[in-house]
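> Build the full structure now, drawing on both the sequences and the hints.
These protein sequence lines are chains A and B, in that order.
The opening position of the first sequence corresponds to residue 33 in the numbering used here, with each subsequent residue numbered one higher.
The opening position of the second sequence corresponds to residue 5 in the numbering used here, with each subsequent residue numbered one higher.
Hints were generated in silico from the structure; no laboratory data involved.
One should not assume that every hint holds.
[As the list claims (entries may be wrong)] With a straight-line cut-off of 30 Å between C-alpha atoms, the simulated DSS-like cross-links for lysine-lysine are:
id: 1; chain 1: B; residue 1: 91; chain 2: A; residue 2: 147
id: 2; chain 1: B; residue 1: 199; chain 2: A; residue 2: 177
id: 3; chain 1: A; residue 1: 266; chain 2: A; residue 2: 147
id: 4; chain 1: A; residue 1: 583; chain 2: A; residue 2: 467
id: 5; chain 1: A; residue 1: 147; chain 2: B; residue 2: 196
id: 6; chain 1: A; residue 1: 365; chain 2: A; residue 2: 90
id: 7; chain 1: A; residue 1: 266; chain 2: B; residue 2: 199
id: 8; chain 1: B; residue 1: 91; chain 2: A; residue 2: 315
id: 9; chain 1: A; residue 1: 498; chain 2: A; residue 2: 266
id: 10; chain 1: A; residue 1: 147; chain 2: B; residue 2: 32
id: 11; chain 1: B; residue 1: 91; chain 2: A; residue 2: 266
id: 12; chain 1: A; residue 1: 177; chain 2: B; residue 2: 91
These numbers were taken from a predicted model, which means no experiment stands behind them.
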Amino acid sequence: MLLFLFNLLGYKLLYSLFIFSAKDVSLKVFHFFPLKQLFVCCLALIFLSGCNTIHANKSAILQIEQGQFTQAKQTIKQNYSSVGRDRLLHELELATILHLEKDYLQSNQHLERAKTHIESFYTISVSEQALAMLSGPSFANYEGKNYYLPLIHYLKALNFNSLAQLNPSMRETYLDSSQVEMRQLDVYMENLKSETGGYKKSEQEDEGSLTDIIYDILKPIAAPETLLENIEYKDDAFIHLFSGLLSEQNNDLDAARLQYQRAAHAYENGFTKQYGLADTTEKLALKNLARTMKLAGGYRSELQTLLNKHTSLEVPEGTQVTIIQNLGIAPEKKQLNFMLRAEARSKALVMYPIFIGSEQEKREQRLWFQMLYADTSLFDLMQNYILGDVSDVLLGTMTKRIPLGSLWDEAEDIGLIDALEYGGRISVSYLAPPKLPIRKTEIWQGNKKLADLEQFHSISQLALQKALIDAQSEIRIAFTREIVKALTARKAMQVAGADQNNLLGSFVKIASTAVNAITASADTRQWQSLPAQIRLAQFSLEPGLQNLTIKTTLNSGRVIQQSANIDVQGSMTVWHTRTFLNAAPTVNAL
Amino acid sequence: MQRTKKFLTYSGLLLSGTLLLSGCQSTKIERVDSNQEIALSDNWNAKDSQLVAEAMVNDMLTFPWVSDHLKYHSSKPAIIIQSVRNKSHQHIAVDTFLNDLKRAILRTGQADFVANSSIRNEIREERKDQELNASIETQNEMGQELGADYALSGSINSFVDEQDGQRVTFYQVDLRLIDMTSNREVWNGQKKIQKHQKRSRFGF
Numbered sequence: 033m034l035l036f037l038f039n040l041l042g043y044k045l046l047y048s049l050f051i052f053s054a055k056d057v058s059l060k061v062f063h064f065f066p067l068k069q070l071f072v073c074c075l076a077l078i079f080l081s082g083c084n085t086i087h088a089n090k091s092a093i094l095q096i097e098q099g100q101f102t103q104a105k106q107t108i109k110q111n112y113s114s115v116g117r118d119r120l121l122h123e124l125e126l127a128t129i130l131h132l133e134k135d136y137l138q139s140n141q142h143l144e145r146a147k148t149h150i151e152s153f154y155t156i157s158v159s160e161q162a163l164a165m166l167s168g169p170s171f172a173n174y175e176g177k178n179y180y181l182p183l184i185h186y187l188k189a190l191n192f193n194s195l196a197q198l199n200p201s202m203r204e205t206y207l208d209s210s211q212v213e214m215r216q217l218d219v220y221m222e223n224l225k226s227e228t229g230g231y232k233k234s235e236q237e238d239e240g241s242l243t244d245i246i247y248d249i250l251k252p253i254a255a256p257e258t259l260l261e262n263i264e265y266k267d268d269a270f271i272h273l274f275s276g277l278l279s280e281q282n283n284d285l286d287a288a289r290l291q292y293q294r295a296a297h298a299y300e301n302g303f304t305k306q307y308g309l310a311d312t313t314e315k316l317a318l319k320n321l322a323r324t325m326k327l328a329g330g331y332r333s334e335l336q337t338l339l340n341k342h343t344s345l346e347v348p349e350g351t352q353v354t355i356i357q358n359l360g361i362a363p364e365k366k367q368l369n370f371m372l373r374a375e376a377r378s379k380a381l382v383m384y385p386i387f388i389g390s391e392q393e394k395r396e397q398r399l400w401f402q403m404l405y406a407d408t409s410l411f412d413l414m415q416n417y418i419l420g421d422v423s424d425v426l427l428g429t430m431t432k433r434i435p436l437g438s439l440w441d442e443a444e445d446i447g448l449i450d451a452l453e454y455g456g457r458i459s460v461s462y463l464a465p466p467k468l469p470i471r472k473t474e475i476w477q478g479n480k481k482l483a484d485l486e487q488f489h490s491i492s493q494l495a496l497q498k499a500l501i502d503a504q505s506e507i508r509i510a511f512t513r514e515i516v517k518a519l520t521a522r523k524a525m526q527v528a529g530a531d532q533n534n535l536l537g538s539f540v541k542i543a544s545t546a547v548n549a550i551t552a553s554a555d556t557r558q559w560q561s562l563p564a565q566i567r568l569a570q571f572s573l574e575p576g577l578q579n580l581t582i583k584t585t586l587n588s589g590r591v592i593q594q595s596a597n598i599d600v601q602g603s604m605t606v607w608h609t610r611t612f613l614n615a616a617p618t619v620n621a622l
Numbered sequence: 005m006q007r008t009k010k011f012l013t014y015s016g017l018l019l020s021g022t023l024l025l026s027g028c029q030s031t032k033i034e035r036v037d038s039n040q041e042i043a044l045s046d047n048w049n050a051k052d053s054q055l056v057a058e059a060m061v062n063d064m065l066t067f068p069w070v071s072d073h074l075k076y077h078s079s080k081p082a083i084i085i086q087s088v089r090n091k092s093h094q095h096i097a098v099d100t101f102l103n104d105l106k107r108a109i110l111r112t113g114q115a116d117f118v119a120n121s122s123i124r125n126e127i128r129e130e131r132k133d134q135e136l137n138a139s140i141e142t143q144n145e146m147g148q149e150l151g152a153d154y155a156l157s158g159s160i161n162s163f164v165d166e167q168d169g170q171r172v173t174f175y176q177v178d179l180r181l182i183d184m185t186s187n188r189e190v191w192n193g194q195k196k197i198q199k200h201q202k203r204s205r206f207g208f
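In structure tokens:
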């Protein structure tokens, strides 16, 4: 209620300012310029102000690529407060920078705080929601995405793993700690699976009936429905595999076996396909499953069943080394703007996308709009035909129409049509297409190639699919919010008596529309320093200190080399690195 | 116009009032008894550590291993604390309850503790330094250390069950005392702790 009053107060103050400025000569400008034209210019400026600028966390990660850690930390601290609505981003971005700077203990402290913030967001703040509804999503706390928590645990476990390698006397303690993270993640994954159903073996598909065949032919027309199928984050095969590797490294073979089993199941039943991963993912999980069964002993019959089922499965022997390569930077989140108008002719609310930015960005925005929002389904085209004319049907690919029909009169009664006289701005986020110009990444020891690093997880695909899922609700919320704001402004004008049909009334209406447009910006905040891909390779190596080189070859032919001395011990040694595509050609990874 | 000015005045007052009220929120710190439980979450906390230590000491001293030891040896039993592995889902500072346990046993005077290997190495370095730098009367001899009779080790495990904002967390601490000569397990202690956390989905 208080927030509502605030909003009301905002408009009242705005109105009062105009009352005073009416005495001023500045208002005389309207005698020379037609009001609507002036407003269009004004709105265009506002839209341009919402242009996709580089986020501070993107700048920070670019600084890290150049090895400027101090500046990167400064950039984050200056732009994301540790107590404000961006506190989650403050912790996440600083944690990643510290992780890359190899300050693992500090990094974990920030990750722990990030985890606490995410826990606290479980309770939805009603006042926060009200504030967001009357202002914009970027005025609310940034709560992150559902896949952030697994990645926080992943990063924490990597930190503990590195600490174990750097402090041999504390090895057991740190390896135990890395497993603690994985156990917490296990609890999260179990809940996620029970909510979403996880990955299940697909049933044998019957030959399609005539209806199914026709439906399949017409599928492209109903793109959004099929586009959004099976893209939910419902389990994480890579996290299970990683957990298995850490457990094995810590000689907890029972836990390792269970995790490898879960990883193989998820990779086989959809995870690999959903995120476009390498074909070898499931096989590696199965190999490790067989190996841990053998190492633990007591699983003779289970092992035999597994080998009978997967006849080509070779169980690797000897000391294993797993290299995890966190590659690139997650794609950027940007803004797509719409102009919302009430169209009396067709009795509909119409959203026109406004493509702003570079040619590349305009193309991305157009594709995102057509993929998710445009009136391209048969139903939408029919609606456009019924309510408008042929031009509306053709325009369908460039508009989003919400036909009000008999509700139009009601909308007029509550003042909605009047409130949208000068239009309104709706803004939603979209994700830049994930592109990683990598030809191959390999592991070498001296002049001998040991293995190819293959894609075992795609954070960019994960982010993209989450953005696609959220897109529909995001536009619905943005749409509702702008209508609420427009109506609130109208009410405020009525209270202040500025709703007369005169120049001043129009001016106040324009001004309130402009204020709404400014605050309508989409929420483009995200954990930017996440990698785009996670690649992995596993191979046998003699115990002891081994010097390895990771060679990442880009499409341009440029090769980035990272070398490290790895202490190989026990049945499994896990080692990780991060590779930036703009990094110097030769980087010391340790 | 008069109405607008009046509204502006009230609005200003409302705004200032709200700003003043928001300024009232500040950090407040007070001292509390270290035995008082302040549970902000279902995470392992100081009270859990204390409860485990108390339960373990009470249980440990009721077992006959001390009297059995004294029957055959002239000195009190000496214990070394080996690893207590954290196999739970929480980062638990194992040292806190082990130190509580150690203090409680030492206070009873029924057993002694031998320092762990890293502390022993530090002390040995110190003794080496004494050989070079301390006067002969104040030097401590090498090779006079007390060997441990029993080794204390164990693990902490946990299970979590969570649904619809409710979470039940179960911790189990298992400790055992092994006779270092015979490998006999002379004591096995267990303490279970269960916590229930409820979180509201909506708040102001």
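> Indicate, hint by hint, whether the structure satisfies it.
Now the hints, each set against the structure:
Of the pairs offered as hints, the one joining residue 91 of chain B and residue 147 of chain A holds, with about 20 Å between alpha carbons and a cut-off of 30 Å not exceeded. This hinted pair checks out: residue 199 of chain B and residue 177 of chain A have alpha carbons roughly 28 Å apart, not beyond 30 Å. Of the pairs offered as hints, the one joining residue 266 of chain A and residue 147 of chain A holds, with about 20 Å between alpha carbons and a cut-off of 30 Å not exceeded. The suggested pairing of residue 583 of chain A with residue 467 of chain A holds, with an alpha-carbon distance near 19 Å, which does not exceed 30 Å.
As the CA atoms of residue 147 of chain A and residue 196 of chain B are separated by approximately 26 Å, the hinted pair is consistent with the 30 Å bound. A threshold of 30 Å between alpha carbons decides the hint, and for residue 365 of chain A with residue 90 of chain A the separation of about 10 Å falls inside it, so the pair holds. A distance of roughly 28 Å separates the Cα atoms of residue 266 of chain A and residue 199 of chain B; the hinted pair therefore holds under the 30 Å criterion. Proximity of residue 91 of chain B to residue 315 of chain A is assessed by CA-CA distance (about 29 Å); at most 30 Å being required, the pair is judged to hold.
For the given pair, residue 498 of chain A sits about 11 Å from residue 266 of chain A by alpha-carbon distance, which is consistent with the 30 Å threshold. Annotation: proposed proximity of residue 147 of chain A to residue 32 of chain B holds, straight-line Cα distance about 24 Å (limit 30 Å). About 26 Å separates the Cα atoms of residue 91 of chain B and residue 266 of chain A, which keeps this hinted pair within 30 Å; it holds. Taken as a hint, the residue 177 of chain A and residue 91 of chain B pair is honoured in the structure, with Cα atoms around 28 Å apart against an allowance of 30 Å.
Comparing the model with each earlier hint shows no violations; every hint is respected.
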